[in-house]
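Line by line, the protein sequences are chains S and G.
Numbering follows the working numbering, with no gaps: position 94 of the first sequence is 94.
Numbering follows the working numbering, with no gaps: position 161 of the second sequence is 161.
Rather than coming from a laboratory, the hints here were simulated on the basis of the structure.
There may be inaccurate statements among the hints.
[Stated by the list, open to error] Here are some chain G residues the structure puts well away from chain S; computed CB gaps all over 10 Å: (1) Ala38; (2) Gly40; (3) Pro147.
[Unchecked claim] Pairs of lysine to aspartate or glutamate, EDC-like flavour, derived with a Cα cap of 20 Å: (4) Lys85/S - Glu148/G; (5) Lys393/S - Glu75/G; (6) Lys85/S - Asp158/G; (7) Lys157/G - Glu368/S; (8) Lys157/G - Glu100/S; (9) Lys393/S - Asp51/S; (10) Lys157/G - Glu257/S; (11) Lys85/S - Glu368/S.
Backbone N, C-alpha and C define an ideal beta-carbon position, used for all residues, glycine too.
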Amino acid sequence: MTHVVQTSEGAQELAPRDRSSERELLLETGAVLRMSEADAAAAIAEAVGTDDETFLLNMGPQHPSTHGVLRLMLELRGETVLRTKPIIGYLHTGMEKTGEDLTYLQGPTNTTRMDYASPFFNELVFCLATEALLGVEIPPRATWIRMLMCELNRMASHLLFLATNGMDLGAVSMMLYGWRERDLVMQFFEKVTGLRMNHEYIRPGGVAVDLPDGWRDDVLNILDVIPGRLDEYDQLMTGQPIWRDRTQGVGAITPEEAVALSATGPVLRSTGLAWDLRRDMPYLAYEELEFDVVVGTYGDVFDRYAIRLNEVRESMRIVRQIVDKMPPGDYRVQDKKVTPPPRARIDESMEALIHHFKIFTEGFRVPEGEVYVAVESPRGELGCYLVSDGSAKPYRMHIRGPSFYNMQTMPHMLHGGLIADAVAVISSLDPIMGEVDR
Amino acid sequence: MADTEAPEAEPPEEAATPAERHGVPVVSSRGVDVLFPAPGEYLRVVEALRGEGFDLCVDVTAVDYLTHPGRSLPEGVAPERYEVVVNLLSLEQRQRVRVRVQVPEADPTVPSLFGLYPGTEVPEREVFDMFGIAFDGHPDLTRILMPEDWEGHPLRKDYAVGRIPVQFKATGGTGR
Numbered sequence: 001m002t003h004v005v006q007t008s009e010g011a012q013e014l015a016p017r018d019r020s021s022e023r024e025l026l027l028e029t030g031a032v033l034r035m036s037e038a039d040a041a042a043a044i045a046e047a048v049g050t051d052d053e054t055f056l057l058n059m060g061p062q063h064p065s066t067h068g069v070l071r072l073m074l075e076l077r078g079e080t081v082l083r084t085k086p087i088i089g090y091l092h093t094g095m096e097k098t099g100e101d102l103t104y105l106q107g108p109t110n111t112t113r114m115d116y117a118s119p120f121f122n123e124l125v126f127c128l129a130t131e132a133l134l135g136v137e138i139p140p141r142a143t144w145i146r147m148l149m150c151e152l153n154r155m156a157s158h159l160l161f162l163a164t165n166g167m168d169l170g171a172v173s174m175m176l177y178g179w180r181e182r183d184l185v186m187q188f189f190e191k192v193t194g195l196r197m198n199h200e201y202i203r204p205g206g207v208a209v210d211l212p213d214g215w216r217d218d219v220l221n222i223l224d225v226i227p228g229r230l231d232e233y234d235q236l237m238t239g240q241p242i243w244r245d246r247t248q249g250v251g252a253i254t255p256e257e258a259v260a261l262s263a264t265g266p267v268l269r270s271t272g273l274a275w276d277l278r279r280d281m282p283y284l285a286y287e288e289l290e291f292d293v294v295v296g297t298y299g300d301v302f303d304r305y306a307i308r309l310n311e312v313r314e315s316m317r318i319v320r321q322i323v324d325k326m327p328p329g330d331y332r333v334q335d336k337k338v339t340p341p342p343r344a345r346i347d348e349s350m351e352a353l354i355h356h357f358k359i360f361t362e363g364f365r366v367p368e369g370e371v372y373v374a375v376e377s378p379r380g381e382l383g384c385y386l387v388s389d390g391s392a393k394p395y396r397m398h399i400r401g402p403s404f405y406n407m408q409t410m411p412h413m414l415h416g417g418l419i420a421d422a423v424a425v426i427s428s429l430d431p432i433m434g435e436v437d438r
Numbered sequence: 001m002a003d004t005e006a007p008e009a010e011p012p013e014e015a016a017t018p019a020e021r022h023g024v025p026v027v028s029s030r031g032v033d034v035l036f037p038a039p040g041e042y043l044r045v046v047e048a049l050r051g052e053g054f055d056l057c058v059d060v061t062a063v064d065y066l067t068h069p070g071r072s073l074p075e076g077v078a079p080e081r082y083e084v085v086v087n088l089l090s091l092e093q094r095q096r097v098r099v100r101v102q103v104p105e106a107d108p109t110v111p112s113l114f115g116l117y118p119g120t121e122v123p124e125r126e127v128f129d130m131f132g133i134a135f136d137g138h139p140d141l142t143r144i145l146m147p148e149d150w151e152g153h154p155l156r157k158d159y160a161v162g163r164i165p166v167q168f169k170a171t172g173g174t175g176r
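Chain S extracted, bound-state conformation (with noise of 0.2 Å):
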C-alpha cells in the first residue's frame, strides 16, 4: 500500500494514515485548540459512544493549581495533551475602562490592581507614561526610591512564585517558606507605605511620601536573612533528583517560538535569549547599576523556576547598590501643576488649599498626545499605552499585561506531554490573572 512520489524534496513515501507514528500525528493536530463553547459541548455528545479515544477535558476555573481563576481546555488522547484552549475572562472587571474615567492622579489606584503580586510595578508603568506626557523630569531621589521599592517587589514576587511552584509540584513544604519570606519584604511595604499591597505609592511626579527613618536597617535586615534561606531553596528542591525530574525536559519551547509568540520575561530568558528592558533598554536608573541577566538554556520548567531563583539574587544585588548610593534630596517634583502644596502651608494660605483641593477633585492637565512605555515587570515586558485628548483623565489607557502574552505558549508547552505536567507548565509561568483579565 506504501506509494513513492517524488517531490522537490525528493522522494516522499506516502503511507496509510493508521501507519503514521504518534508523533507524526500530533504534529499534525497542533497546539492550541480553537473551539467555541458550544462547538465543544457538541464534539462531546457526538464522540460519546464511539471508539474516538480523544476527549475533552475542562480544568478550572476552580482547580489549585490554576492560579486564579483560569481555566483550560484540554484535548487529551489517554494521558498526553493535545490541544490546548486558555479560557480567560473570569477576572475581568473592564480596568481600561476605569481607567478613562479617573483622574491621572487617580490612575495608579487602578492599575496597580492588575498584577497583585507586583503592585509597583504598574503603578511605576502608568507613572513613566504620564511624566512621559507631561515632560516633568523626577528628582532623583524619587527615581532611586522607585527602583528600590521595585526591586523588593520582584523579589516578593518570586518569592511567591517559588511558594506556589513548590506547592503545585508537591514540596509543600516550600508553600510556607515562600510565603515567609516574601513577609519580611512586605512587612517592610507596609512599613513604607502602609499597605502591604495595592500601595498607590509611586504616583504622577514622585512617589506618595519619603521612606520611613530607619529604612536601610529594615532593608539590610532584609538582605541578611534572605541569601541563607534561597541557599536552603537550593537543598530543598534545585538540587533535589524528585524535583528535577518533575520539571527537567518539561513543557519545554524554543526561542523562536516564545519570541514569534510575543512571550517576554522569565519565559523568554528561560529559552537563551538575554532579553532584560533594565539593561537593554535601561529605564529609571538602571544604567547606574550593576547586575547580569540571567538566562537558561532549554526552556523547560526548570529553567524557568532557576531564573527567577537566581533573579532574587540579582535584585538583592541591585538593592544593596541602591541601599548604598540613594541619594539625598526631594521625593516628588517641585511642580506646582503637578504636585499638591506640602500640609503646613494649607493651614496658613487660602491658596495652598484651593489649589491642594484642585489637583485631588479636577486633577491636573496632560498635554495632548500618545506614548507608549514598558517596563520589565516580574513577568516580562509590562507596558503602558496612553493616549491623552488634554483633559485631566486619560483618553485612552491601555496596559500590556505580560501575563496575558505569555500565556499564549502554553499549548505549546502542553502540546504531546503528559496532563500530570500541565499543572508544572501552569505554574511555571506565573501567571497573575489580574493581569491576564484586567
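Since the structure of chain S is provided, determine the placement of chain G on it from the hints.
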C-alpha cells in the same frame, strides 16, 4: 535589508514633504518612529518592518477617537474613528517602532498580523472583543475577555461605563 533602507534615505532630498518610511508617513515621537499606513498598506508595512529586524510584536491595541476627532496626524492621513496601534520591538537593534492604522467606522476591518506574528492571536481577539474591529485572516476571531454571548464592545466611547443596578426600594425613590 538593502532595499528597505532606501525609503529612509529619501527625506533629506525633499525636505518640504513629510518624512516617509516604507512609503507611508512617519513621525518621530519621543525617539520612537510612528508609521501611519492606510489599511490597505498595513500588512505590507508591517512585513517590511519585520524584514528590518523587528521580530517581536509587543502589543496590538486600538483607540476609539469618537469624542476626540481633532488629534494631530501627519499630513496626508485622514482621521477615522478607530485606530489600531501596533508596537514592534527589535531585540537586535534595541529599538521600538509603532504603527497606527486608521480604521473607518463604516467598515472596521484590517488584515490580521497572525501570519507574520503568531503572538498577535490573543491581542487581536481582545481588540475584536473590546472595539468590534475585525481582523481578516485571524484563525479564531471570538470574544476573549467578555462572555461569548455578550452584546456590544465595551471600550467603544459610546458604550457607557458599567454600573450595577441597585434598588433602593425602601426609600420609594425613582427606581434608578
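Here is what the structure says about each hint:
1. Against chain S, the non-interface label of alanine 38/G holds: every CB pair exceeds 10 Å, the least being about 19 Å.
2. Residue-level check passed: glycine 40/G sits 23 Å from the nearest beta carbon of chain S, beyond 10 Å.
3. Remark: the non-interface label on proline 147/G conflicts with the geometry, its nearest Cβ contact in chain S lying 7 Å away (cut-off 10 Å).
4. Using a Cα cut-off of 20 Å, the hinted pair lysine 85/S and glutamate 148/G holds, with the two alpha carbons roughly 14 Å apart.
5. The suggested pairing of lysine 393/S with glutamate 75/G is violated, with an alpha-carbon distance near 27 Å, which exceeds 20 Å.
6. Of the pairs offered as hints, the one joining lysine 85/S and aspartate 158/G is violated, with about 32 Å between alpha carbons and a cut-off of 20 Å exceeded.
7. A distance of roughly 18 Å separates the Cα atoms of lysine 157/G and glutamate 368/S; the hinted pair therefore holds under the 20 Å criterion.
8. Restraint check for lysine 157/G and glutamate 100/S: the C-alpha separation of about 10 Å stays at or below 20 Å, so the hint holds.
9. For the given pair, lysine 393/S sits about 59 Å from aspartate 51/S by alpha-carbon distance, which is inconsistent with the 20 Å threshold.
10. At roughly 36 Å between alpha-carbon atoms, lysine 157/G and glutamate 257/S are farther apart than 20 Å, so this suggested pair is violated.
11. Distance restraint check for lysine 85/S and glutamate 368/S: the Cα-Cα separation of roughly 40 Å exceeds the 20 Å cut-off, and the hinted pair is therefore not satisfied.
Checked against the numbered hints given earlier, this structure breaks hints 3, 5, 6, 9, 10, 11; the rest are met.
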